[in-house]
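As given, the protein sequences belong to chains A and B, one line each in that order. Residue 49 in the numbering used here sits at position 46 of the first sequence, and the numbers go up by one each step. Residue 121 in the numbering used here sits at position 84 of the second sequence, and the numbers go up by one each step.
These are computed hints drawn from the structure, not numbers from a lab. The model shown is predicted, which means the values in this text are computed figures rather than measured ones. The beta carbon of each residue, even a glycine, is placed where N, CA and C say it ideally should be. Check the hints yourself; a few may be wrong.
[Unchecked claim] Straight-line distance between alpha carbons at most 25 Å, and here's what the computed SDA-like set of lysine to any residue pairs gives:
hint	chain 1	residue 1	chain 2	residue 2
1	B	86	A	109
2	B	139	A	88
3	A	44	B	61
4	B	139	A	87
5	B	97	B	65
6	A	18	A	69
7	B	114	A	45
[Claimed, not checked] Sample of chain A residues with no beta-carbon within 10 Å of chain B, all distances over it, derived:
hint	residue
8	11
9	59
10	81
11	117
[As the list claims (entries may be wrong)] Computed list of chain A residues with no C-beta within reach of chain B, every gap over 10 Å:
hint	residue
12	21
13	25
14	56
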Amino acid sequence: EAGVTQFPSHSVIEKGQTVTLRCDPISGHDNLYWYRRVMGKEIKFLLHFVKESKQDESGMPNNRFLAERTGGTYSTLKVQPAELEDSGVYFCASSQDLGVKYTEAFFGQGTRLTVV
Amino acid sequence: GNSVTQMEGPVTLSEEAFLTINCTYTATGYPSLFWYVQYPGEGLQLLLKATKADDKGSNKGFEATYRKETTSFHLEKGSVQVSDSAVYFCALHRDDKIIFGKGTRLHILP
Chain A
4 EAGVTQFPSH SVIEKGQTVT LRCDPISGHD NLYWYRRVMG KEIKFLLHFV KESKQDESGM
64 PNNRFLAERT GGTYSTLKVQ PAELEDSGVY FCASSQDLGV KYTEAFFGQG TRLTVV
Chain B
38 GNSVTQMEGP VTLSEEAFLT INCTYTATGY PSLFWYVQYP GEGLQLLLKA TKADDKGSNK
98 GFEATYRKET TSFHLEKGSV QVSDSAVYFC ALHRDDKIIF GKGTRLHILP
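Extracted from the complex, chain B is given alone in its bound form (with noise of 0.2 Å):
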């Protein structure tokens, strides 16, 4: 079936520190992958997507690849804020429906 693993939190870095979340999927063909982010006190949000393999999704500094050969959609940034700090969610659509991992909680200190 369709699945998405991401990686285990909390995550904690220093301001500034490089991040990635790892994010494996398991779907049939090409679904759509996502990551959302979801701030204290707020929604979940669309941070970027990617469509098909080798797409780039980007937003906020923040960039994930869609590898097909390893079936990945890790989420990357350079610098980290402490406005970065929330929870972080790999996803894919598929069937008219998003299949949604865990989430991953990070916390940015100054």
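Chain A extracted, bound-state conformation (with noise of 0.2 Å):
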């Protein structure tokens, strides 16, 4: 079984460009996450998706970034304008929805995001 893919591994783009990043979750997996981690400091939480529905969106940082998740399938998170605080690693995580406390979270691999 496929886990969760981000794609690009790595994206270098000039301050007040725009970048879309994506993740495609574990088929079957309602719950998607999206996190950042800012360089040494924590993984933060972003946003989070029950379907194509944002469950909790208090992690963002600013309007200058929009995430989707149009269908209930992949995500898309978009940052327009890019300035150069928001160089990171960004990483989407997926987990059923069992309606229970807890499921696992898979993580995927990440998006290095480099704003010059």
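Join these two chains into a complex; the hints should help.
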């Protein structure tokens, strides 16, 4: 079974440009999460989808970030316009919705974004 | 609020040495606790977990015990290998999200 896949693995863009990150969760996983690690700091929660709906977007840093999950399958995270402080590693994770307190989240390899 | 604090790295050890990476947490109630590992070039992987007080999680020779009285979840391994070189993240699960520590980079020298 394929795991969580993210694309691209690495992106270098100039300040002011737009970048779109993609995440394909494990098939059948309704929960999809985006996290970000800025260099040397914690991995921080950005947002959580349940199917196509945004369950919690309290971690989104500002309105330059837009996440979508049309059809409840893959998700995209767009940064427009990108700023230097957006550089970091963006992780996606997915989990099943079993109606219990905790189900294991599986993470992708991450996309390393560098804004120059 | 909820937070995780783990020891700063990098940690450099010789092969077969004993490893401890300290982790403490602040949270309301009784969160589930985790250690994740990121090997070079790979994604985050769940290493072990504990869901209630006094539970011991273990995997690949690593262990961590959920200590409610000290709000700690220290990671230990009796004899590390070069292949254990990675970044280790302590984390807790609360309100349907995972809260991570800053990560500890571990280097094992042959």
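Hint check:
no.	hint	verdict
1	86(B) - 109(A)	holds (14 Å)
2	139(B) - 88(A)	holds (17 Å)
3	44(A) - 61(B)	holds (16 Å)
4	139(B) - 87(A)	holds (20 Å)
5	97(B) - 65(B)	violated (30 Å)
6	18(A) - 69(A)	holds (17 Å)
7	114(B) - 45(A)	holds (23 Å)
8	11	holds (14 Å)
9	59	violated (7 Å)
10	81	holds (21 Å)
11	117	holds (17 Å)
12	21	holds (25 Å)
13	25	holds (15 Å)
14	56	holds (13 Å)
Consistency note: the structure conflicts with the earlier hints numbered 5, 9.
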